[in-house]
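Make the full structure from the sequences, and use the hints.
Going down the list, the sequences are from chains W and Y. Mapping of the first sequence onto this note's numbering: residues 1 to 264, in sequence order. Mapping of the second sequence onto this note's numbering: residues 1 to 238, in sequence order.
All the given hints hold, so there is nothing to weed out.
Selected chain W positions facing chain Y (in silico; Cβ < 10 Å):
#1 Arg161
#2 Val162
#3 Ala209
Derived from the structure by calculation, the hints contain no laboratory data. Backbone N, C-alpha and C define an ideal beta-carbon position, used for all residues, glycine too.
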Amino acid sequence: MLDLEFMRLAFAAGAIVGVLAPAVGFFLVQREMSLIGDGIGHVAFAGVAAGYLLGISPVWTALAAALIGAGGIEWLRARRQAAGDQALAIVFYTGIAGGVVLISAAGALNANLFSYLFGSILTVTGSDLVVIAVLGIGALVVLAVLMRALIAVSLDEDGARVAGLPVPVLNGVISMLAALTIGVSMRIVGILLIAALMVLPVIAAQRVAWSLRSTIGLSICFGLLSVLVGLTVSYYANLPPGGTIVLAGTAVFLATSTVEALRR
Amino acid sequence: MPLALELDGVDFAYGQGPAVLTDVDLRVAEGEFVAIAGPNGGGKTTLLRLALGLERPTRGAVLLFGEAARTFGARTKIGYLAQRTKIGVHAPATVREVVEAGRAALRPVGRLRRDDHAAVEEALERVGMHELAGRRLSTLSGGQQQRAFIAKALAAHPSLLVLDEPTTGVDVAAQDALGALLHRLHEELGVTILYVSHEFGAVERFVQRLVLVRERIVFDGPPSQLPGLWHDPSHTHA
Ligand SMILES: Nc1ncnc2c1ncn2[C@@H]1O[C@H](COP(=O)(O)OP(=O)(O)OP(=O)(O)O)[C@@H](O)[C@H]1O
Ligand SMILES: [Mg+2]
Chain W
1 MLDLEFMRLA FAAGAIVGVL APAVGFFLVQ REMSLIGDGI GHVAFAGVAA
51 GYLLGISPVW TALAAALIGA GGIEWLRARR QAAGDQALAI VFYTGIAGGV
101 VLISAAGALN ANLFSYLFGS ILTVTGSDLV VIAVLGIGAL VVLAVLMRAL
151 IAVSLDEDGA RVAGLPVPVL NGVISMLAAL TIGVSMRIVG ILLIAALMVL
201 PVIAAQRVAW SLRSTIGLSI CFGLLSVLVG LTVSYYANLP PGGTIVLAGT
251 AVFLATSTVE ALRR
Chain Y
1 MPLALELDGV DFAYGQGPAV LTDVDLRVAE GEFVAIAGPN GGGKTTLLRL
51 ALGLERPTRG AVLLFGEAAR TFGARTKIGY LAQRTKIGVH APATVREVVE
101 AGRAALRPVG RLRRDDHAAV EEALERVGMH ELAGRRLSTL SGGQQQRAFI
151 AKALAAHPSL LVLDEPTTGV DVAAQDALGA LLHRLHEELG VTILYVSHEF
201 GAVERFVQRL VLVRERIVFD GPPSQLPGLW HDPSHTHA
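Structure representation (structure tokens):
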């Protein structure tokens, strides 16, 4: 399997995605915004469609759309124009509707589109990998540097505000990192399923973790495991990797739930 | 003494709602220990949120250490425990991790240093939670959780400590310990304390000033001068 160039690229990109998605997802889950990834993913779908229509690489238009969508959700939330889940619903439906309209206008309802929605192990090129590595590692560095401040905000937003942490900026950073993660992970997991990879490993880790620190560590291990298992199954069974990766994540969740139940 | 907090002719309502506070004037000098009481919905929590710059008054001015509260800079001077906090109870945070978050504004990036760790351990010690520091918050009782949140408010060594009903669900022994702790912080370190509660048993002996809030400030003075008229069930007076 690893003799094949495209599989080596898929595994390298997948490893970065497997680490990054749960690391960012941890903060979404703590802020009780587990579904924000889905909202942003649907906006990214509109971005892919816009890429087809404009004849630009959909990766870039999807990333741009994801960043705008994330900004929109955060803006609605921060101005208390709408409760968190309502802000999400507005962005979510606008994204999917816009995507469908744009896709039809571009006449692009085809197999290639399918690979954006559910991922593909065949499509990661060498230059894709460079982009994924640079953006992914950059995002991880930002997370590592701001870790304590981000944790303080997600534990206690008012407390952090009183203590003088720049709460709106830190919330914006999390949303932007979520958008970036979706843009970076799109080729492997697909925009309709990437949000699951941000959330499932974290929920699984919370079942068995003994602290915040261990939750983050375990989330990353589970995310990586899901991607590696999912890609392998995808290769041998000739299935889209997005589905197999997320189902591997579900299996991890069931395993940790069992461990938790047995401990009681 | 310079003023730690000043509210000047403050009115407040949430959005288009009814008046919550009307014409509130309050001056708290540095080093004062002020208890705030009043009925449910009287506006105590709102008063604290205004004082901390979390809400914007509809009319009037709020100053923290002489600066506008909304844009006050030296915020690490403030320790705040919100009412009915549930910090980290849904996350798998340990007691120590919650208290460490109290140092985050002082050291937002980079590793925690030795003095940060020392401050965290000291705060845990002060509230008697040292032994339980490694436990997940969600596995502790409500009173133990509350003590962890108090430790978080203490971790940055604040010079203004704002506590909104910190003794909710805390047993009498721990209330007395908290009262003694606040007294020590006040006496030894000159910490300014704003303390909202319905039960002043624990701090009764220590507070010099009681403020009763019922939309307006209806009493402001030493607890001993509280007119019988204002005795209400929300204020148990030993
Ligand atoms: N976020 C909010 N939005 C709208 N109204 C609010 C909000 N918070 C409080 N209020 C209203 O403001 C009034 C004062 O509330 P506040 O929480 O300040 O009272 P309190 O004195 O702290 O009461 P308690 O003893 O129950 O804690 C109440 O009538 C309440 O209904
Ligand atoms: Mg209150």
